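Hey, can you work out the whole structure from these sequences and the hints?
There are 2 protein chains.
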Amino acid sequence: MKIQAPKGMRDFYPEDWRLQTWLFNHWRAVSQAAGFCEFEGPIFEDLALYETKSGEGIVSELFHFEDRGGRHFANRPQMTPTLARMVAARANALPRPIKWFSIPRMCRAEKPQRGRLREFFQWNVDILGIDEVLADAEVISVAVSLLRRLGLTSQDVVVKLSSRALATAVLQSVGITPDTAATAFQLIDRAEKLEPQAFQQQWDAQFGAQVAAPAVMDLLATATLERCLKIAAESGPDGRGVATQFEELWTALQAFEADDFCEFDLRTVRGLAYYTGPVFEVRTRSAGLRALFGGGRYDNLTELLGGPRVTGVGFGAGDVPMLECLREFGKLPTLTEQLEVFVIDASHGLFPKVQEVTSRLRAADVAADFSYKRQALGKQLKQAAGRPARLAVIVGDEFATSGTVAVKDLATGEQRNVPWSAICDDARTALGLR
Amino acid sequence: MKIQAPKGMRDFYPEDWRLQTWLFNHWRAVSQAAGFCEFEGPIFEDLALYETKSGEGIVSELFHFEDRGGRHFANRPQMTPTLARMVAARANALPRPIKWFSIPRMCRAEKPQRGRLREFFQWNVDILGIDEVLADAEVISVAVSLLRRLGLTSQDVVVKLSSRALATAVLQSVGITPDTAATAFQLIDRAEKLEPQAFQQQWDAQFGAQVAAPAVMDLLATATLERCLKIAAESGPDGRGVATQFEELWTALQAFEADDFCEFDLRTVRGLAYYTGPVFEVRTRSAGLRALFGGGRYDNLTELLGGPRVTGVGFGAGDVPMLECLREFGKLPTLTEQLEVFVIDASHGLFPKVQEVTSRLRAADVAADFSYKRQALGKQLKQAAGRPARLAVIVGDEFATSGTVAVKDLATGEQRNVPWSAICDDARTALGLR
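As they're listed, the protein sequences go chains A and B. Here this note's numbering is used: the first residue of the first sequence is 154, the next is one more, and so on. Here this note's numbering is used: the first residue of the second sequence is 154, the next is one more, and so on.
FYI, nobody ran anything at the bench for these hints, they're computed from the structure. The reader is advised that the hints may include incorrect statements.
FRET-style restraints, in silico, Cβ to Cβ [claimed, not checked]: (1) A:Q308 with B:P248: 41 to 47 Å; (2) B:A182 with A:A444: 36 to 42 Å; (3) A:A538 with B:T375: 50 to 56 Å; (4) B:A351 with A:R302: 58 to 64 Å; (5) A:R221 with B:Q359: 26 to 32 Å; (6) A:R343 with B:L586: 45 to 51 Å; (7) A:H179 with B:R462: 39 to 45 Å.
Restricting the straight-line Cα-Cα distance to at most 27 Å, the calculated cross-link-like pairs of lysine-lysine (DSSO-like) are [claimed, not checked]: (8) B:K484 with B:K535; (9) A:K506 with A:K526; (10) B:K313 with A:K313; (11) B:K506 with B:K484; (12) B:K313 with A:K506.
In this text, all values refer to a predicted model and were calculated from it rather than measured experimentally. Virtual Cβ for every residue (Gly too), placed ideally from N, Cα, C.
Printed below as a string of structure tokens:
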């Protein structure tokens, strides 16, 4: 075949898509159980939406294009700008809390590599319009619910939790001023992906010799929550507020019974520029604490996009690293087609009756199919078992003599005769469909 | 708000998305009941996939772009090229019939107007690898199942049915040679959208004075199926084959009990260049026979894309005209959030218990939520009714004294006390969740 799927993009054959659907259904079930409503937006947006201060590092990864009217667009690389735009547009009309989730497709023009594709699906869960850390705790508890639901334990994965406000107070104690904290966060976030030397160079270029990178990284890695809270509280009234807020967050996580998955880690700062408060990252405990997904509080995003202030907190979880992690932990199911009935003709002349009963079963919401080849009963039964179907309905000579068809349970081999007119009700009962 | 959704693209707020989901679930249910498996592909493809002879009129409607490696891509304007590419890539491995459906997002760079947006969702249903018209009949029967399921009758909508092979034979009888038939089809397909004068000019430019446009259009509009079959049968052995095949298609539609929605109409030829056999279009009977969706047989598409020959038949139905039609016929449902339980604290100190029981209900797959405002019981009950939730669970003073909480049915007003530890099982039973 000459033309292939573009590099870094995926073809989902039915068996692949079944797995995606399985994952999406878990995402959806956990979100809806927690009272979140699903929303969606356009696959591309005005380029300007991604060119604001909403997040450095995103613009370089855009697939962008122009229409004939000279307008510039880009396929969405993340959902939060769309979310912020939509919420800002109806900021006054939407009742609080705004609890929304979404399962959008995303495009990023990055070099395809393990766990990073040019197209992926991302589970987004956000609460907007709530300033209290109760919302942060609820969002994290939704993430934990998903992990539990997929069979992962707190031995398998961990939610690394910190706060940019708290980290700012701690960094200030070693000489990094609040106005350069954002730059420090971006460097710290990249630290694990950079060679130590490259990190050192970038750090020195920003902070010079007065704040030594190794000392800072060592502080971030070893500082306990108690110590950080103490440093913050001693830094002044703002710091005391930050410390109290973080303690409240922890208490709320306990009330939601999600704290067993959570660990304080001051190195968790996240890369996106728009985070303002608590931030978190879900990581595997094995395999070098690989990051699965993360999120945090973004209180200024709608304003950055030119709208009224609506505070927010949320996360985005990509399908690719999550499926990879589940595969490694042996948590992926084996899924087959859910065919319920395979309809068979015992002799070729009865095929119109096969079509008719198949149509009626389908209209009664029973998944039914038939063989396109007119072939012997045994071969058709084999086809039925191969799908696999749960029942076979066999239209044979009894149809002409007694107006009945045979219903065979393909698991037990049991077979019964059923009147033609009762076949839909009978099949639904046999299949346990109400 | 400065930045808006791009023109012709849609923001789906939760109430909008509920309606989309409702429609998609019907599409999915009808497809799965008929034994079709869902697949998906990339949101953009190599530009070359759309530059083949697969369909004129598509390339001008592409949003296309280049990556840093100089490769050219386009957001998909339809799904059939992706389907053909994917099937061709595994042509030998896939068992026949290949019965697939999909609900992809599409982008077309056209001028936004009523019923035509720059982004839409499209239900695609296809059978590949089957030459017989039985597959055409099954695909049409799936379309008819959907119409019935949505509450539309054969008085509301009609499936206009023809065949390009049959039309070619009939057009030959008035002097249009088979090699120019494809051009005639494109003109005929556009006829209703063009001013009569413009149509006449385009027709004359192609066929000159020897084949008068009005006479041809008149023939197409008045020719009965009997007359067309006769003309075809008399044209030679090929024509006889075409006539027999069309009769077989009709017989199969009767066996599937889908013929009551179908009407022969020789003007139905479809615009896409790749159709080779039977073609059909679903139209509303009122409001000028507005087209809802359509499809047909495309036996050469995989070859056109450079792959092995795999024949196919299918249709693509957009969400925008379908929702518009359902709105006009009053067939759209009123949908609300499906919240099951709202958990309430009778006094503020009990809020941690509210969080705890909410978490437990959610973990038991019960959609549960709570008030972010600590306020009076009555106000929280009002919030619960507003969602609307089906039950309220009230954590009050009995929790401390007897270890129970109150469960109130918000429809009947009935209220019972339930032990704290039994609340999940009790709620699931009360809600009818097994």
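Structure-based check of each hint:
1. A:Q308 with B:P248: 41 to 47 Å: holds, 42 Å
2. B:A182 with A:A444: 36 to 42 Å: holds, 38 Å
3. A:A538 with B:T375: 50 to 56 Å: The hinted range 50 to 56 Å holds for A:A538 and B:T375, with Cβ atoms some 52 Å apart.
4. B:A351 with A:R302: 58 to 64 Å: Between B:A351 and A:R302, where Cβ atoms are some 60 Å apart, the hint holds.
5. A:R221 with B:Q359: 26 to 32 Å: holds, 27 Å
6. A:R343 with B:L586: 45 to 51 Å: holds, 46 Å
7. A:H179 with B:R462: 39 to 45 Å: Holds: the Cβ-Cβ distance is about 40 Å, inside 39 to 45 Å.
8. B:K484 with B:K535: violated, 31 Å
9. A:K506 with A:K526: Since the Cα atoms of A:K506 and A:K526 sit roughly 15 Å apart, the hinted pair holds (cutoff 27 Å).
10. B:K313 with A:K313: Distance of about 60 Å is beyond 27 Å: violated.
11. B:K506 with B:K484: Cα-Cα ~43 Å, so violated.
12. B:K313 with A:K506: holds, 25 Å
The structure shown violates the earlier hints numbered 8, 10 and 11.
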